[in-house]
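**Student:** We have chain Y already, so just place chains D, R and G with the ligands on it with the hints.
The residues making up each chain are set out below.
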Amino acid sequence: MTEKKKERINIHEYLAEMEDIPGTRVFTAQRARKGYHLNQFAMSLMKAENRERFLADEKAYLDEWDISEEAKKAVMDRDYNAMIDHGGNIYYLAKLFSTDKKSFQFAAGSMTGMSQEDYAKMMLEGGRSPEGQRSIKGKY
Amino acid sequence: MTEKKKERINIHEYLAEMEDIPGTRVFTAQRARKGYHLNQFAMSLMKAENRERFLADEKAYLDEWDISEEAKKAVMDRDYNAMIDHGGNIYYLAKLFSTDKKSFQFAAGSMTGMSQEDYAKMMLEGGRSPEGQRSIKGKY
Amino acid sequence: MARVTTGITSSHIPALGAAVETGKSQDDYWGPVFKGYQAIRDWIAKPENMPDVVVLVYNDHASAFDQNIIPTFAIGCAEKFKPADEGWGPRPVPDVVGHPDLAWHIAQSLILDDFDMCIMNEMDVDHGCTIPLTMMFGEPEQWPCKVIPLPVNVVTYPPPSGARCYALGDSIRAAVESFPEDLNVHVWGTGGMSHQLQGPRAGLINKEFDLDFIDQLINDPEALSKKPHIDYLREAGSEGIELVMWLIMRGALPEKVRDLYNFYHIPASNTALGALILQPEETAGEPLEPRRVLSGGTFAKA
Amino acid sequence: MARVTTGITSSHIPALGAAVETGKSQDDYWGPVFKGYQAIRDWIAKPENMPDVVVLVYNDHASAFDQNIIPTFAIGCAEKFKPADEGWGPRPVPDVVGHPDLAWHIAQSLILDDFDMCIMNEMDVDHGCTIPLTMMFGEPEQWPCKVIPLPVNVVTYPPPSGARCYALGDSIRAAVESFPEDLNVHVWGTGGMSHQLQGPRAGLINKEFDLDFIDQLINDPEALSKKPHIDYLREAGSEGIELVMWLIMRGALPEKVRDLYNFYHIPASNTALGALILQPEETAGEPLEPRRVLSGGTFAKA
Ligand SMILES: [Fe+3]
Ligand SMILES: [Fe+3]
Numbered sequence: 000m001t002e003k004k005k006e007r008i009n010i011h012e013y014l015a016e017m018e019d020i021p022g023t024r025v026f027t028a029q030r031a032r033k034g035y036h037l038n039q040f041a042m043s044l045m046k047a048e049n050r051e052r053f054l055a056d057e058k059a060y061l062d063e064w065d066i067s068e069e070a071k072k073a074v075m076d077r078d079y080n081a082m083i084d085h086g087g088n089i090y091y092l093a094k095l096f097s098t099d100k101k102s103f104q105f106a107a108g109s110m111t112g113m114s115q116e117d118y119a120k121m122m123l124e125g126g127r128s129p130e131g132q133r134s135i136k137g138k139y
Numbered sequence: 000m001t002e003k004k005k006e007r008i009n010i011h012e013y014l015a016e017m018e019d020i021p022g023t024r025v026f027t028a029q030r031a032r033k034g035y036h037l038n039q040f041a042m043s044l045m046k047a048e049n050r051e052r053f054l055a056d057e058k059a060y061l062d063e064w065d066i067s068e069e070a071k072k073a074v075m076d077r078d079y080n081a082m083i084d085h086g087g088n089i090y091y092l093a094k095l096f097s098t099d100k101k102s103f104q105f106a107a108g109s110m111t112g113m114s115q116e117d118y119a120k121m122m123l124e125g126g127r128s129p130e131g132q133r134s135i136k137g138k139y
Numbered sequence: 000m001a002r003v004t005t006g007i008t009s010s011h012i013p014a015l016g017a018a019v020e021t022g023k024s025q026d027d028y029w030g031p032v033f034k035g036y037q038a039i040r041d042w043i044a045k046p047e048n049m050p051d052v053v054v055l056v057y058n059d060h061a062s063a064f065d066q067n068i069i070p071t072f073a074i075g076c077a078e079k080f081k082p083a084d085e086g087w088g089p090r091p092v093p094d095v096v097g098h099p100d101l102a103w104h105i106a107q108s109l110i111l112d113d114f115d116m117c118i119m120n121e122m123d124v125d126h127g128c129t130i131p132l133t134m135m136f137g138e139p140e141q142w143p144c145k146v147i148p149l150p151v152n153v154v155t156y157p158p159p160s161g162a163r164c165y166a167l168g169d170s171i172r173a174a175v176e177s178f179p180e181d182l183n184v185h186v187w188g189t190g191g192m193s194h195q196l197q198g199p200r201a202g203l204i205n206k207e208f209d210l211d212f213i214d215q216l217i218n219d220p221e222a223l224s225k226k227p228h229i230d231y232l233r234e235a236g237s238e239g240i241e242l243v244m245w246l247i248m249r250g251a252l253p254e255k256v257r258d259l260y261n262f263y264h265i266p267a268s269n270t271a272l273g274a275l276i277l278q279p280e281e282t283a284g285e286p287l288e289p290r291r292v293l294s295g296g297t298f299a300k301a
Numbered sequence: 000m001a002r003v004t005t006g007i008t009s010s011h012i013p014a015l016g017a018a019v020e021t022g023k024s025q026d027d028y029w030g031p032v033f034k035g036y037q038a039i040r041d042w043i044a045k046p047e048n049m050p051d052v053v054v055l056v057y058n059d060h061a062s063a064f065d066q067n068i069i070p071t072f073a074i075g076c077a078e079k080f081k082p083a084d085e086g087w088g089p090r091p092v093p094d095v096v097g098h099p100d101l102a103w104h105i106a107q108s109l110i111l112d113d114f115d116m117c118i119m120n121e122m123d124v125d126h127g128c129t130i131p132l133t134m135m136f137g138e139p140e141q142w143p144c145k146v147i148p149l150p151v152n153v154v155t156y157p158p159p160s161g162a163r164c165y166a167l168g169d170s171i172r173a174a175v176e177s178f179p180e181d182l183n184v185h186v187w188g189t190g191g192m193s194h195q196l197q198g199p200r201a202g203l204i205n206k207e208f209d210l211d212f213i214d215q216l217i218n219d220p221e222a223l224s225k226k227p228h229i230d231y232l233r234e235a236g237s238e239g240i241e242l243v244m245w246l247i248m249r250g251a252l253p254e255k256v257r258d259l260y261n262f263y264h265i266p267a268s269n270t271a272l273g274a275l276i277l278q279p280e281e282t283a284g285e286p287l288e289p290r291r292v293l294s295g296g297t298f299a300k301a
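Protein chains in written order, with numbering that gives the first Met the number 0: chain Y, 0 to 139; chain D, 0 to 139; chain R, 0 to 301; chain G, 0 to 301.
To be clear, the hints were calculated from the coordinates, so they are not data collected in a lab. Be a bit skeptical, because a hint or two may be false.
Partial list, computed: chain D residues near chain R (C-beta under 7 Å) [said to hold, decoys possible]:
no., residue
1, Pro-21
2, Thr-23
3, Val-25
4, Thr-27
5, Ala-31
6, Tyr-91
7, Lys-94
8, Thr-98
9, Phe-103
10, Gln-104
11, Ala-107
12, Met-110
13, Thr-111
14, Gly-125
Simulated coverage check for chain Y against chain G, where a stretch passes if three residues somewhere in it have a Cβ under 8 Å from a Cβ of chain G [claimed, not checked]:
no., stretch
15, 25-31
16, 34-47
17, 94-104
Quick reminder that beta carbons are idealized off the backbone N, C-alpha and C, glycines included.
Isolated chain Y (complex conformation):
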């Protein structure tokens, strides 16, 4: 039988820690809310007819959504870092790069500032090391 909770996680500390990871935006409520319409736009690309309409006139399609002009520009530029800054989540945005017939590796690589070749090479050699990438504050 469920009992009342005896120990609780401090949610403010929990959420603060999520912001302490270098080069990473954890998809918290704050981001989910900010990116709601952007992510729902991306979901709409799960229908072939929407993909066609979008590809035929990206701006016109985007204008049907309650998305800021900046975020629309990020979409049209295929700037995934910027889309994530606008609250996008990679699994939602996957519908966009899939519409472009691009892979997860392409999308991930595009966010690192590396060329696709260098990114692929880094992955083949064992991927990015977590060394120094774990904590902004702790620098470890």
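**Tutor:** Below, chains D, R and G with the ligands alone, put in the same frame as chain Y:
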């Protein structure tokens, strides 16, 4: 922190007890599965255009659904006990009697074998007593 | 910091809304019900009692959720929620305005407390949610407070246990208390009391059970939370199971509470009706006068 | 009576499906991955190992659920589930055929065990569910077993805790054991291992973390279940959080298990990949030969 469950309810006993209440069909998985299409049909009446189509030709509308002929007859007869026997649930079926502009009291009364007047009178006098209505096996 | 100042229970039957909309709320049948609620309406209208936000616990009656998706506990995090069309057109009431900041905070906190919430960002609300608002606030242009709808499955079996509901309430309280803004938050448990809407046993009412339930809810909720589902079904009718939702409200209050008001009436259409105002003993206001009202059914003869 | 005979972990990345469909599964890049899986495919193809039903734990990657509805734990109780169109058309694989009798039984049992499940009777399944089937069974006309999809939210924060997942697995095991039919049931935990698909830190792989995780999963899951989310995120990348789902699989097995097979490879596209076969020690079969395979990345140099 959640721990593994130490004591468990025996689900077979739990479900068996649900069948031990006089004049009552508890909406268990078994009934939910049996009544799936009937209940989804009822849900479809949440749209005004569907209500109009249904009222204009009940049989034609019902024929669009994967519902047995017997269950369709129960719907057309507004036989709520029979609908419930076919897996209907009263909150789903509420869309049907609402379409008919009938109340919960009308629908409930119609299942008791009493006239609407006698049912209303019983309610005003304090409702049906639970005496002898609690358990089929226990007769209490 | 935000506080759960008050727990309220209320019936949510559609017939109450119909009585208001057809001008029957003062007739012989409905008069005593609305008279019983008038005391709550007067109380809640006072600025010191008016909630900033209500966490409104109710069950969706096959409106937002059909048989394709049945969440045990959902929480509405949207900006607003439209009244559902339950077959007679949407209720002519204002949209329910949410409080996404607090709702998301509660949702996140509950998941960290190991409740497996279903987060909703678009959801229509049915009579389970809007009737209590009508009963408390009448027919305003806009509802006077924000509402976080918290639908609980009590339709498809099994619903959550009483103990699970009670613990959920406790975690809602903790979540509210960790929200930095200064808010007067109510938790309302709706539905119940004894009623059965189906089959030859329809119309069942169990006054003794209901009055005991209210008493235990106030004084010994921990023991009450252990009541198995079958007892609700046998004693309070098949739809009496809605009462587990009252335990969510009760869990959001401390062990010791004061009942400011305690109204019980038989019948409202097919059901017995109970409406309570509870406050934490330490911060409780004055009881209403009269504090306890019993009306209808066999009480009428007394 | 039904039994959880086996726990399996598997990657579920879409690139694996693309490799199969474009005939690249034997090239230099994908060859070692498919070689590593071949041992599992041969093992599972034996009639004594072939499951009657798989409880397939995965996360929906914004396919069945959008931002409007985010269930923490859902369970698919339908007759069948169609592959989702994730933006490139549905995967060209058979429909996933469910086992409604067992699925509803598990769903009901889990709710009685105080898990707040979301019951799904219509749901498309995305690569999280279908890729593991492709990896185990290749490209058949029909999948050779029934599947109960169990999607877990690990996308919108917070996901369920490791401890919650581990306890859920234990309750799944108990539910399976109370199902009267004689069934060989597998529980598969999918996703992981270390990976990050976003931002300048994309491409993170943490071999040490992953190998420790596998070791602890086998030998000390209780302690592992207490690992906080932040550790997954820091150490295993933002999408490495998928590993909490492996704890559901592990919770469905007893304390002592034997690892029949233990395959770890770097990289599959952006991720490290781990594929295990675990069985309860008391009823475990013979380990595969070789029992442990490490390939790719820095292993290649060794
Ligand atoms: Fe109700
Ligand atoms: Fe994944």
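**Student:** None of the hints should be skipped; say for each whether it holds.
**Tutor:** Verification of the supplied hints:
1. Pro-21: 6 Å, holds
2. Thr-23: This hint holds: Thr-23/D lies near chain R, its Cβ roughly 5 Å from the closest one there, short of 7 Å.
3. Val-25: 6 Å, holds
4. Thr-27: With Cβ-Cβ at 5 Å, under 7 Å, it holds.
5. Ala-31: 5 Å, holds
6. Tyr-91: 5 Å, holds
7. Lys-94: With a minimum Cβ separation of about 4 Å from chain R (threshold 7 Å), the hint on Lys-94/D holds.
8. Thr-98: Interface hint status for Thr-98/D: holds (5 Å vs cutoff 7 Å).
9. Phe-103: 6 Å, holds
10. Gln-104: 5 Å, holds
11. Ala-107: 4 Å, holds
12. Met-110: 5 Å, holds
13. Thr-111: At 5 Å from the nearest chain R Cβ, Thr-111/D passes the 7 Å test, so the hint holds.
14. Gly-125: 4 Å, holds
15. 25-31: holds (count 5)
16. 34-47: Result for this restraint: holds, n = 9.
17. 94-104: holds (count 9)
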